[in-house]
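K.L.:
What follows is the residue order along each chain.
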Amino acid sequence: MTIVYDDEPDADEIPVRRIRFTINGAKKVAEVEPRLLLAHLIRQGLKLTGTHTGCDTTNCGACTVLVDGKPVKSCTMLAVQVDGHEITTVEGLATASELHPLQEGFKEEHGLQCGFCTPGMMLAAKALLDHNPDPTEEDVRWALSGNLCRCTGYQNIVKSVLWAAEKLRS
Amino acid sequence: MSQALDEIKIGGLGASRKRVEDNRFIRGKGNYVDDIVLPGMLHMEILRSPLAHARIVSIDASKAWEIPGVHLVMTGEMMATRNLAWMPTLSYDTQAVLATDKVRFQGQEVACVIADDPYIAKDACEAIDVTYEALPVIVSPAQALAPGATVIRDDKENQNDNVIFHWEVGDAEGTSRAFAEADMVSRLQLHYPRSHPSPIECCGSIADFNRATEKLTVYMTTQAPHIIRAAVALVAELPEQMIRIISPDIGGGFGNKVPVYPGYVCSILASILLERPVKWIEDKTGNLISTGFARDVYLDGEMALRRDGKILAIRMHTDSDHGAFFSDAQPSKFKIGLMHSAFACYDIPYAHMISRGTYTNKAPGGVAYRCSFRVTEAMFFQERMVQAAAVDLGMDQAEFRRMNFVRDDDFPHRTPFGFLTDSGQYGACLDVGLKAVGYDNFLQQQEEARSRGRLLGIGISTMTEPLGAGNSREYDILGIKMFDSAEIRVHMTGKAMVRTGARGQGQGHETTWAQIVSHELGLPADDITVEEGDTDTAPFGMGTYASRSTPVAGAAIAMAARKIRAKARRLAAHLLEVSEEDVEWELGRFYVRSAPDRGVTIQECAMAAYSNMPDGMEPGLQNQSFYDPPNLTWPFACYIVTVEVDPETGVWDVTNMVAVDDCGVRINPMIVEGQIMGGLTEAYAMANMQFITFDAEGNCVGSNYMDYLLPTAWETPGFELHSEIMTECPHHPIGAKGIGECAAVGGPAAFVNAVMDAISYTGVRNVDMPMLPDRVWEAMKYRRDVSGAPPVLTDE
Numbered sequence: 001m002t003i004v005y006d007d008e009p010d011a012d013e014i015p016v017r018r019i020r021f022t023i024n025g026a027k028k029v030a031e032v033e034p035r036l037l038l039a040h041l042i043r044q045g046l047k048l049t050g051t052h053t054g055c056d057t058t059n060c061g062a063c064t065v066l067v068d069g070k071p072v073k074s075c076t077m078l079a080v081q082v083d084g085h086e087i088t089t090v091e092g093l094a095t096a097s098e099l100h101p102l103q104e105g106f107k108e109e110h111g112l113q114c115g116f117c118t119p120g121m122m123l124a125a126k127a128l129l130d131h132n133p134d135p136t137e138e139d140v141r142w143a144l145s146g147n148l149c150r151c152t153g154y155q156n157i158v159k160s161v162l163w164a165a166e167k168l169r170s
Numbered sequence: 001m002s003q004a005l006d007e008i009k010i011g012g013l014g015a016s017r018k019r020v021e022d023n024r025f026i027r028g029k030g031n032y033v034d035d036i037v038l039p040g041m042l043h044m045e046i047l048r049s050p051l052a053h054a055r056i057v058s059i060d061a062s063k064a065w066e067i068p069g070v071h072l073v074m075t076g077e078m079m080a081t082r083n084l085a086w087m088p089t090l091s092y093d094t095q096a097v098l099a100t101d102k103v104r105f106q107g108q109e110v111a112c113v114i115a116d117d118p119y120i121a122k123d124a125c126e127a128i129d130v131t132y133e134a135l136p137v138i139v140s141p142a143q144a145l146a147p148g149a150t151v152i153r154d155d156k157e158n159q160n161d162n163v164i165f166h167w168e169v170g171d172a173e174g175t176s177r178a179f180a181e182a183d184m185v186s187r188l189q190l191h192y193p194r195s196h197p198s199p200i201e202c203c204g205s206i207a208d209f210n211r212a213t214e215k216l217t218v219y220m221t222t223q224a225p226h227i228i229r230a231a232v233a234l235v236a237e238l239p240e241q242m243i244r245i246i247s248p249d250i251g252g253g254f255g256n257k258v259p260v261y262p263g264y265v266c267s268i269l270a271s272i273l274l275e276r277p278v279k280w281i282e283d284k285t286g287n288l289i290s291t292g293f294a295r296d297v298y299l300d301g302e303m304a305l306r307r308d309g310k311i312l313a314i315r316m317h318t319d320s321d322h323g324a325f326f327s328d329a330q331p332s333k334f335k336i337g338l339m340h341s342a343f344a345c346y347d348i349p350y351a352h353m354i355s356r357g358t359y360t361n362k363a364p365g366g367v368a369y370r371c372s373f374r375v376t377e378a379m380f381f382q383e384r385m386v387q388a389a390a391v392d393l394g395m396d397q398a399e400f401r402r403m404n405f406v407r408d409d410d411f412p413h414r415t416p417f418g419f420l421t422d423s424g425q426y427g428a429c430l431d432v433g434l435k436a437v438g439y440d441n442f443l444q445q446q447e448e449a450r451s452r453g454r455l456l457g458i459g460i461s462t463m464t465e466p467l468g469a470g471n472s473r474e475y476d477i478l479g480i481k482m483f484d485s486a487e488i489r490v491h492m493t494g495k496a497m498v499r500t501g502a503r504g505q506g507q508g509h510e511t512t513w514a515q516i517v518s519h520e521l522g523l524p525a526d527d528i529t530v531e532e533g534d535t536d537t538a539p540f541g542m543g544t545y546a547s548r549s550t551p552v553a554g555a556a557i558a559m560a561a562r563k564i565r566a567k568a569r570r571l572a573a574h575l576l577e578v579s580e581e582d583v584e585w586e587l588g589r590f591y592v593r594s595a596p597d598r599g600v601t602i603q604e605c606a607m608a609a610y611s612n613m614p615d616g617m618e619p620g621l622q623n624q625s626f627y628d629p630p631n632l633t634w635p636f637a638c639y640i641v642t643v644e645v646d647p648e649t650g651v652w653d654v655t656n657m658v659a660v661d662d663c664g665v666r667i668n669p670m671i672v673e674g675q676i677m678g679g680l681t682e683a684y685a686m687a688n689m690q691f692i693t694f695d696a697e698g699n700c701v702g703s704n705y706m707d708y709l710l711p712t713a714w715e716t717p718g719f720e721l722h723s724e725i726m727t728e729c730p731h732h733p734i735g736a737k738g739i740g741e742c743a744a745v746g747g748p749a750a751f752v753n754a755v756m757d758a759i760s761y762t763g764v765r766n767v768d769m770p771m772l773p774d775r776v777w778e779a780m781k782y783r784r785d786v787s788g789a790p791p792v793l794t795d796e
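Residue numbers (the numbering used here), protein chains in the order written: chain A, 1 to 170; chain B, 1 to 796.
Keep in mind the hints are simulated off the structure, nothing from the lab. Where a beta carbon is used, it is the ideal one built from N, C-alpha and C, also for glycine. A hint or two may mislead.
Stated by the list, open to error - Simulated restraints, written as ranges between beta carbons of each label pair: (1) B:Asn23 with A:Glu137: 25 to 31 angstroms; (2) B:Ile272 with A:Pro34: 44 to 50 angstroms; (3) A:Glu137 with B:Asp646: 21 to 27 angstroms; (4) B:Lys63 with A:Arg35: 15 to 21 angstroms; (5) B:Asp536 with A:Asp83: 44 to 50 angstroms; (6) A:Glu137 with B:Asp60: 54 to 60 angstroms; (7) A:Asn132 with B:Glu474: 52 to 58 angstroms; (8) A:Pro34 with B:Glu648: 47 to 53 angstroms; (9) A:Gly69 with B:Tyr761: 49 to 55 angstroms; (10) B:Gly438 with A:Arg35: 53 to 59 angstroms.
To be verified - With a Cα cut of at most 30 angstroms, we get these calculated DSSO-like pairs of lysine-lysine: (11) B:Lys156 with B:Lys333; (12) B:Lys435 with A:Lys159; (13) A:Lys167 with B:Lys18; (14) B:Lys215 with B:Lys29; (15) A:Lys159 with B:Lys29.
What the hints assert, rightly or not - Reference excerpt, derived from the structure (chain A facing chain B, CB under 10 angstroms, subset only): (16) Thr49; (17) Thr58; (18) Glu104; (19) Gln113; (20) Cys114; (21) Phe116; (22) Asn132; (23) Pro133; (24) Pro135; (25) Leu148; (26) Arg150; (27) Asn156; (28) Trp163.
Using the sequences and the accompanying hints, generate a full structural model.
P.N.:
See below:
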């Protein structure tokens, strides 16, 4: 984030670190305060607002992104920790012409209502399907147990993931 | 031969149409408040009180002002100079915006900082030095009402105790007589614990005051933008036409986003003072400890019974804990909301209720969390009392309910507390539920299991609840009547746009509102867009909560569409060169009665409205409707749960959950089922784990998601939904009733009744929610009731 301060004596004491990373396939360089959270780098710095912050305590999972393919709650990871790593957010799921089967699945099976938890749910589900293409309902429930939804009651989210798994297999 | 369109194919009534709003949400392209960035925008953070009750001795913000990037620090003292230190609540009380004299609950807003970025604003909040002098803390009505209790609201003239209201309803004399004649009296005392709606998205706002135009635009997380506009006009004394409230996508509401919160007010004042946009985004702890809680009511209930199982009368006494400011977000004239809708599905001649409201040192709110204003408590109390009475009588719990149900041919029916129910098939719903769960078979298994030391239980909850406030005679918010509105514009090419005064938060309005228009006008739903939430463009309405969108705004849509169809008929007569009386309607087209092949489509009529109208006809094809419902809608539900309790640990597992919902006509069955499953999950959460409590010093236990437990996909059981029974709402234009909240309202009692049934051998009458394993274990081990009331400070 670029912040312009009034030129006061303390202003030049703000520490900044330069990091390089890949997000949704694009290579980036950023100068960040060491305390900057990854979620804020993604939302404010990169203007990718599909990653939501819900709880700030690693519980709700709305901010889930993939770092090197692993689901990570970006509200409690520092931006400097992704130096040299690869990030995938919800904006990286679809291509220009095609939705990811998980995105289709969530629409087909009514796996979302307010939509706030949805990006995190889909990324947690992607991490599951990437290493387990044929999960059971129990596998899905366990893989999503770090993500909260207050609208759906999960039953349709589970169905959505199973729908996507089947489509990916065929 | 009819050339009517296939309604399901065009996405009309009854189609499980896929949701149009999903297209943006699955791409991460929703537009929630925190996603909005305005040029020159600053960020606001709030400093909250760490103590539950204390006098503010001093506030020193000088260090905060020194931090680079800080633009403004606001305190109560500064708000007071602008007459904004206090604001009115929705229940005719006052609430502190920023504390001046005292803090009255933990988490109360004390000061706020506006800075270049949220990190700096947080740093500056920490640099503010507040000196407090602690005062005695009250965390329950029992403490609040004790002789000599500290008066929490000493800011109010003539407030010499902690009582907010003392309210009575029903027939005291008739009830006393019935109790005197009863064969037996069944009594139950319990506490519906404090809970928090806790949408995943917290509250927030961006206030943008433009000095050049004098216009204030506020983007905010509100379920009722028009009410907010009115409130801002009244509180900030700004001209109403200069205020624009925009409620963008909302990440869940559940009642939490109805009230006006201090953060909104502070961001507005800051923007006016700084002439820059100011964004306030609450963190989860701020949301959980300071914004609208729900429930927190104690019941002492009695039921007068005849030996054969007939209920003769009900007596209820409730003590409700409203926190430090009475800001219940409810629009009725009844002090404890619709608590007296209890027992509406039972034919009971007499009832009487006394309700007392108290102040405590807890957060204010009293929101209708996925319910109509205290209906959740009402139905929980009802179904717990019904189960206790069945046990006391030694009667089968299903049969006891059935014998006391209002019969299908007995509508309209006056409920024991005076509501008028209008429709339902209660016995038929119960039958579907009992069959689905395999009731008789289960009772047999239960007995066999008990002989082997396994504890199985079955719980039933049946209820009809009032949804969809108004009517305007009895329901208003600060005098504004509870109607709702819709405006429909049919464009020249036969496409259309709908706007309503409601504001969805995940209910799927953009999908279902189009379906109602489709049903009325025969336009394909895909040709209709829906827009809500902007007070500059939407017609005035009262917003979305209490399951009122379909009953009220949905009805307004149908009525506006019918006005459009009436004009289209005149256009059709003109195009067909016949008189209007000779024109007939079938879905999508008008035709000549004597020559059905001669017709025009609704799209052709739309084109004519702009290009070929008859002489003297006003051009265009649009209309609006303000709908004042003649009554509430009364959906019915039967929820049945089976559980197994571990006798060693008190842990209980749901083995089956059956839900039978009769909500009248289902506009979109897929969405209705989604609403029911969401509600059942919240019911399970409240029964199992989700509650907010306080220690004796008023510290909120449940101030983050590590302490405030919400079920995940792992814990949440599966649900079996049934829709076999459908009773149309007799007064709604398309026969629909509310549904968004039934399961959260009626569900909790089914889970609790099931666990109580499993441990019925102990003779314990009640274990308060949530039925945590240690509570169930305590009940089994010591054979005593387990209360969930907050602890009381003692001298030890």
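K.L.:
Please go over all the hints and tell whether each is borne out by the structure.
P.N.:
Tested hints:
Taking the beta carbon of each, Asn23 (chain B) and Glu137 (chain A) are about 27 angstroms apart, inside 25 to 31 angstroms as hinted. Separation of Ile272 (chain B) from Pro34 (chain A) is about 36 angstroms and departs from the stated range, judged on CB atoms against 44 to 50 angstroms. Separation of Glu137 (chain A) from Asp646 (chain B) is about 23 angstroms and conforms to the stated range, judged on CB atoms against 21 to 27 angstroms. Against the hinted window of 15 to 21 angstroms, the Cβ-Cβ separation of Lys63 (chain B) and Arg35 (chain A) comes to about 19 angstroms, which satisfies the hint.
A C-beta distance of roughly 45 angstroms is found between Asp536 (chain B) and Asp83 (chain A), which places it inside the suggested range of 44 to 50 angstroms. Under the hint 54 to 60 angstroms, the C-beta atoms of Glu137 (chain A) and Asp60 (chain B), about 57 angstroms apart, fit the expected range. The supplied range of 52 to 58 angstroms is met by Asn132 (chain A) and Glu474 (chain B), whose beta-carbon atoms lie about 56 angstroms from each other. Remark: the range hint 47 to 53 angstroms for Pro34 (chain A) to Glu648 (chain B) is upheld by a beta-carbon distance near 50 angstroms.
The hinted range of 49 to 55 angstroms is satisfied by Gly69 (chain A) and Tyr761 (chain B), whose Cβ atoms lie roughly 52 angstroms apart. Range check, Gly438 (chain B) to Arg35 (chain A): Cβ separation about 58 angstroms, and the 53 to 59 angstroms hint holds. The suggested pairing of Lys156 (chain B) with Lys333 (chain B) holds, with an alpha-carbon distance near 22 angstroms, which does not exceed 30 angstroms. Among the hinted pairs, Lys435 (chain B) with Lys159 (chain A) is consistent with the structure: their alpha-carbon atoms are about 26 angstroms apart, no more than 30 angstroms.
Restraint check for Lys167 (chain A) and Lys18 (chain B): the C-alpha separation of about 18 angstroms stays at or below 30 angstroms, so the hint holds. With a C-alpha separation of about 28 angstroms, the suggested pairing of Lys215 (chain B) with Lys29 (chain B) holds against the 30 angstroms cut-off. Straight-line distance between C-alpha atoms of Lys159 (chain A) and Lys29 (chain B) comes to about 23 angstroms, which keeps the hinted pair within the 30 angstroms bound. For Thr49 (chain A), the shortest C-beta to C-beta distance to chain B is roughly 4 angstroms, which falls under 10 angstroms, so the interface hint holds.
Given the 10 angstroms rule on beta carbons, the hint for Thr58 (chain A) holds: about 9 angstroms separates it from the nearest Cβ of chain B. The restraint placing Glu104 (chain A) at the interface with chain B holds, with a minimum CB-CB distance near 8 angstroms, inside the 10 angstroms limit. With a least beta-carbon distance of about 3 angstroms to chain B, the hint placing Gln113 (chain A) at the interface is held under the 10 angstroms criterion. Interface restraint check for Cys114 (chain A): the shortest CB-CB distance to chain B comes to about 3 angstroms, inside 10 angstroms, so the restraint holds.
Taking 10 angstroms as the C-beta contact cut-off toward chain B, the hint placing Phe116 (chain A) at the interface holds, the least distance being around 3 angstroms. Contact between Asn132 (chain A) and chain B, as hinted, is not supported at the beta carbon level, the nearest pair being about 16 angstroms apart and thus beyond 10 angstroms. At its closest, the beta carbon of Pro133 (chain A) sits 19 angstroms from a beta carbon of chain B; the interface hint therefore is violated under the 10 angstroms criterion. Violation of the interface hint for Pro135 (chain A) is found here, the shortest Cβ-Cβ separation to chain B being roughly 12 angstroms, above the 10 angstroms cut-off.
A distance limit of 10 angstroms between C-beta atoms decides the matter here; for Leu148 (chain A) the minimum to chain B is near 5 angstroms, and the interface restraint holds. Hint status for Arg150 (chain A) relative to chain B: holds, with the closest Cβ pair at about 5 angstroms, below 10 angstroms. Residue-level restraint check for Asn156 (chain A) holds (minimum Cβ-Cβ distance to chain B is 6 angstroms; threshold 10 angstroms). A cut of 10 angstroms between beta carbons decides the hint on Trp163 (chain A): the least distance to chain B is about 13 angstroms, and the hint is violated.
Violated hints for the displayed structure, listed by number in ascending order: 2, 22, 23, 24 and 28.
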